[in-house]
Amino acid sequence: MPTVICSRCGQEAPGLEESPLPGRLGELVKANVCVDCWQEWLGVQVRVINHYGLNVIDPEHRKYLYGIMKEFLGLEEKTQTP
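Residues 0 to 81 (numbering that gives the first Met the number 0) are what the sequence shown spells out, left to right.
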């Protein structure tokens with residue numbers, strides 16, 4: 000299992016074995032988020048979807064959810080381009 004310096008908790012911890020999402024965002028999560036923080040996000044994600052009534056099939060809703068995810072996981076600054 001790979002280890003990462005987690006962008007959320009700042010600890011060196013076991014990372015994800017596989018990308019949890021398709022594309023660059025999934026690779027970013029895999030490279031920068033530990034297993035424990037990802038599991039924590041999965042619980043928060045359910046609450047966010049239910050609270051806002053999001054339909055993850057809708058591209059706008061998914062974009063909104065991914066924005067919250069990036070903020071929660073501390074990935075926001077890593078996604079900006081110079």
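Be a bit skeptical, because a hint or two may be false.
[Unchecked claim] Restraint-style ranges between C-beta atoms, simulated for each label pair:
hint, residue 1, residue 2, range
1, 75, 41, 30 to 40 Å
2, 0, 54, 30 to 40 Å
3, 11, 52, 33 to 43 Å
4, 54, 1, 15 to 25 Å
Quick caveat, the hints were computed from the structure, so don't treat them as lab data.
Glycine residues also receive a C-beta, built at the ideal position from the N, C-alpha and C atoms.
Any hints this thing doesn't respect? Which numbers, in order?
1, 4
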